[in-house]
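**Q** Listed below, chain by chain, are the residues.
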Amino acid sequence: MQVPAAFQYERATSLEQAIELLTRYGPEARVVAGGHSLLPMMKLRLAQPEALIDINGLGELAMIRVDGHDLAVGAMVRHAELLASPVVGEHFPILRDAERVIADPLVRNRGTVGGSLCQADPSEDLSAAFSALRATLVAQGPGGRRTIGIREFFLGPYETALNEAELLVEIRVPIRSHASAYRKVERRVGDWAVVAAGAVLEISDGVITEAGIGLTAVGARRFVAEQAEDFLRGGRPDDEGFTEAGRIAAQECRPTADQRGPVDYKRHLAGELTTRALRAAAARAQGQEA
Amino acid sequence: MRITVTVNGEQYTRDVEPRLLLVHFLRDELGLTGTHWGCDTSNCGVCTVWLDGTPVKSCTVLAVMADGHEVRTVEGLAHGAELDPVQQGFIACHGLQCGFCTPGMMMTARWLLDHDADPSEEDIREAISGQMCRCTGYENIVRSIRWAAEHGGGARTADADADTEPAPGREEVRA
Chain D
540 MQVPAAFQYE RATSLEQAIE LLTRYGPEAR VVAGGHSLLP MMKLRLAQPE
590 ALIDINGLGE LAMIRVDGHD LAVGAMVRHA ELLASPVVGE HFPILRDAER
640 VIADPLVRNR GTVGGSLCQA DPSEDLSAAF SALRATLVAQ GPGGRRTIGI
690 REFFLGPYET ALNEAELLVE IRVPIRSHAS AYRKVERRVG DWAVVAAGAV
740 LEISDGVITE AGIGLTAVGA RRFVAEQAED FLRGGRPDDE GFTEAGRIAA
790 QECRPTADQR GPVDYKRHLA GELTTRALRA AAARAQGQEA
Chain C
6 MRITVTVNGE QYTRDVEPRL LLVHFLRDEL GLTGTHWGCD TSNCGVCTVW
56 LDGTPVKSCT VLAVMADGHE VRTVEGLAHG AELDPVQQGF IACHGLQCGF
106 CTPGMMMTAR WLLDHDADPS EEDIREAISG QMCRCTGYEN IVRSIRWAAE
156 HGGGARTADA DADTEPAPGR EEVRA
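Chains as they are written, first to last, in this note's numbering: chain D, 540 to 829; chain C, 6 to 180.
These aren't lab readings, by the way, just hints derived from the structure by calculation. Take the hints with a grain of salt, since some may be wrong.
What the hints assert, rightly or not - Incomplete in silico selection of chain D near chain C, CB under 8 angstroms:
hint, residue
1, Ala545
2, Phe546
3, Tyr548
4, Thr552
5, Ser553
6, Leu578
7, Pro579
8, Met580
9, Asp593
10, Asp643
11, Leu645
12, Asn648
13, Arg649
Stated by the list, open to error - Have a look at the derived ranges for each label pair, beta carbon to beta carbon:
hint, chain 1, residue 1, chain 2, residue 2, range
14, C, Thr59, D, Val626, 13 to 23 angstroms
15, D, Thr552, C, Glu22, 18 to 28 angstroms
16, C, Arg7, D, Gln798, 22 to 32 angstroms
17, D, Leu554, C, Ala122, 33 to 43 angstroms
18, D, Arg690, C, Tyr17, 46 to 56 angstroms
Claimed, not checked - Here are a few chain C residues that face chain D, going by a calculated C-beta distance under 8 angstroms:
hint, residue
19, Thr46
20, Asn48
21, Arg139
Every residue gets a Cβ at the ideal spot worked out from N, C-alpha and C, and that includes glycine.
Let the hints inform the model, and build the full structure from the sequences given.
**A** Set out below in C-alpha cells:
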C-alpha cells in the first residue's frame, strides 16, 4: 500500500485565504488542486510537503469564459471541462486535440488545467499546447496580481516562475483568426507522451504571419521550437515548408533516452509530429477538418 | 481531522488522518469493500467511484477532500432489491471474469449511460479506457454495457441530476 507521508491539511475557502496559507506555511507547503500529479508523487515520496492547501473550494477559479478578446480559463477548470467546452473547441482545436490524449477520462474528470501547468512536468501536454498559443498566465500573490507570458513561466523541470506565495489563477489566450492542431505518440492510452507537437498558424493572403510550435517530452527549451517558428514566419503554408520546419524543430530539441525510446527515435518523432501538426492546422485553416 | 461524507445517500462522520485515501476510507473505515483497490498509481481504475456525480479514481483522492461531498459506490448501484440494468447486463453478457475490475467498470458504465443512453462501441471503449481488466475481458464488458443500454439502462437519464440521491428503495432494504 502506497501512503503519503503525514502532512497538515488546510482547505482554502477564498483566494485571499489560500495566499495567506501559502504565506504562513512557506516553501514546505504545496497547493493541491486535482491532485493527480501531486498525490502519486507523494505516495512515492518524490514529494513530501509539510502542508497541503486544498483549493478545490475556489469556484471562482473554475470558470471558462470569453473576456473581451481573450479566452480565460480558470486554473481549477478540470481537463474534462476544457475538452467539453464548445468555445474552446471552436477557437482552439489544439486544446481539444491535446485534452483528448491527456491521461484517461477518469483522470481528466479530476485533474486541473492550472495544476498541469504548475506541475511543469517536462512531458506534460497542455504546457506545450499553451506555449504554442503564447498564453498569458495570471498569478495572484500577497502583493496583488501579475501576468506572466507562458514562455517565461517554465524555468525547468518541475520549476516555474511562480513565487512561493503565488497562486496561478487564470490562463488567457487571445481569440484570433488562427488554426491549430496537436499530435501525440504515446505507448498506450493514458500514458505520457513519447513525443507530442502542437502547431498554431496565422495565415493572411497565403502567407504565414505568425507561427507557434510546442513540443513536449523532448527537452525543447520552454516547450517551444523557436527556430522553426522563425523559419515559418513569412513563408507559405505548404508541405515543403512544413517538412523543413519539422526538420528544424527536431534539431532544436534535446531528447533523452528512456523506457519510451532512444534519442534518434524521439528526434525523428519530434520532426514528423511537428510537420503533421502543421499540416493539420493548415487543413483546418482551409475549412477542412483534420 | 473530523470529516462527514455522504456515501450512497447516507452520512458518515469519522476522524481520519489527512493522508488517508478515499479508497481506504470507504473500505477500511466504512466497510464498503465493493470498491476495489488495485495499482495504487491511478492507472487501473478498479477503485472508481463517483464524487459529486462524477467518476474518479479514489486511490488518488484524499478522504479529507471528500469532506462535505457526496460519494456513490457500487453498493449504491442497485435500486433496492432490483439490480441496475448495468449489473443485469454484466450477468447477461458474462461481463465478469475474476470480478476484480467489475465494480469500477459498472460505475463508469452507469455514468456513461446517464449521459448517453445509446453509446456506440467506440464511446464505451473510450469511457472505460482508463480502467484495466486483468482478465483482458473487454469484449464482454463492452457487450454488457451495450446490453444495459438496450434494456432500459439509459432510461434513467431523467435521474442523472439526482444521481447522488439515495437510490429508490434504499429505505426498504435497510428496514
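**Q** Indicate, hint by hint, whether the structure satisfies it.
**A** Hint check results:
Checking Ala545/D against chain C: minimum C-beta separation of about 6 angstroms stays under 8 angstroms; hint holds. For Phe546/D, the suggested interface contact is upheld, since its CB lies about 6 angstroms from the closest CB of chain C, less than 8 angstroms. Taking 8 angstroms as the C-beta cut-off, the interface hint given for Tyr548/D holds, the closest approach to chain C being about 4 angstroms. Proximity of Thr552/D to chain C is violated relative to the hint, the smallest CB-CB distance being about 11 angstroms (cut-off 8 angstroms).
For the restraint placing Ser553/D at the interface with chain C, the shortest Cβ-Cβ distance is roughly 16 angstroms, beyond the 8 angstroms limit, so the hint is violated. Against a cut-off of 8 angstroms between C-beta atoms, the interface hint on Leu578/D holds, since the closest Cβ of chain C lies about 5 angstroms away. The beta carbon of Pro579/D is positioned within 8 angstroms of a beta carbon in chain C (closest approach about 6 angstroms), and the interface hint is therefore held. A distance limit of 8 angstroms between C-beta atoms decides the matter here; for Met580/D the minimum to chain C is near 11 angstroms, and the interface restraint is violated.
A least Cβ separation of about 6 angstroms between Asp593/D and chain C falls short of the 8 angstroms threshold, and the interface hint therefore holds. Proximity of Asp643/D to chain C holds as hinted, the smallest CB-CB distance being about 3 angstroms (cut-off 8 angstroms). Because the closest C-beta pair between Leu645/D and chain C is about 4 angstroms apart, less than 8 angstroms, the hint holds. The closest approach between the C-beta of Asn648/D and any C-beta of chain C is roughly 5 angstroms, which is under the 8 angstroms cut-off, so the hint is satisfied.
Taking 8 angstroms as the C-beta contact cut-off toward chain C, the hint placing Arg649/D at the interface holds, the least distance being around 5 angstroms. Between Thr59/C and Val626/D the CB atoms are about 21 angstroms apart, so this pair conforms to the stated range of 13 to 23 angstroms. Taking 18 to 28 angstroms as the suggested C-beta distance range, the pair Thr552/D and Glu22/C conforms, at roughly 22 angstroms. A C-beta distance of roughly 43 angstroms is found between Arg7/C and Gln798/D, which places it outside the suggested range of 22 to 32 angstroms.
Distance hint check: the CB atoms of Leu554/D and Ala122/C are about 40 angstroms apart, consistent with the given range 33 to 43 angstroms. Hint check: Arg690/D to Tyr17/C, Cβ distance near 48 angstroms, so the stated range 46 to 56 angstroms holds. Given the 8 angstroms rule on beta carbons, the hint for Thr46/C holds: about 6 angstroms separates it from the nearest Cβ of chain D. Checking Asn48/C against chain D: minimum C-beta separation of about 7 angstroms stays under 8 angstroms; hint holds.
For Arg139/C, the interface hint is violated, since its Cβ never comes within 8 angstroms of a Cβ in chain D; the closest pair sits about 15 angstroms apart.
Hints 4, 5, 8, 16 and 21 from the list above are not met by this structure, while the remaining hints are.
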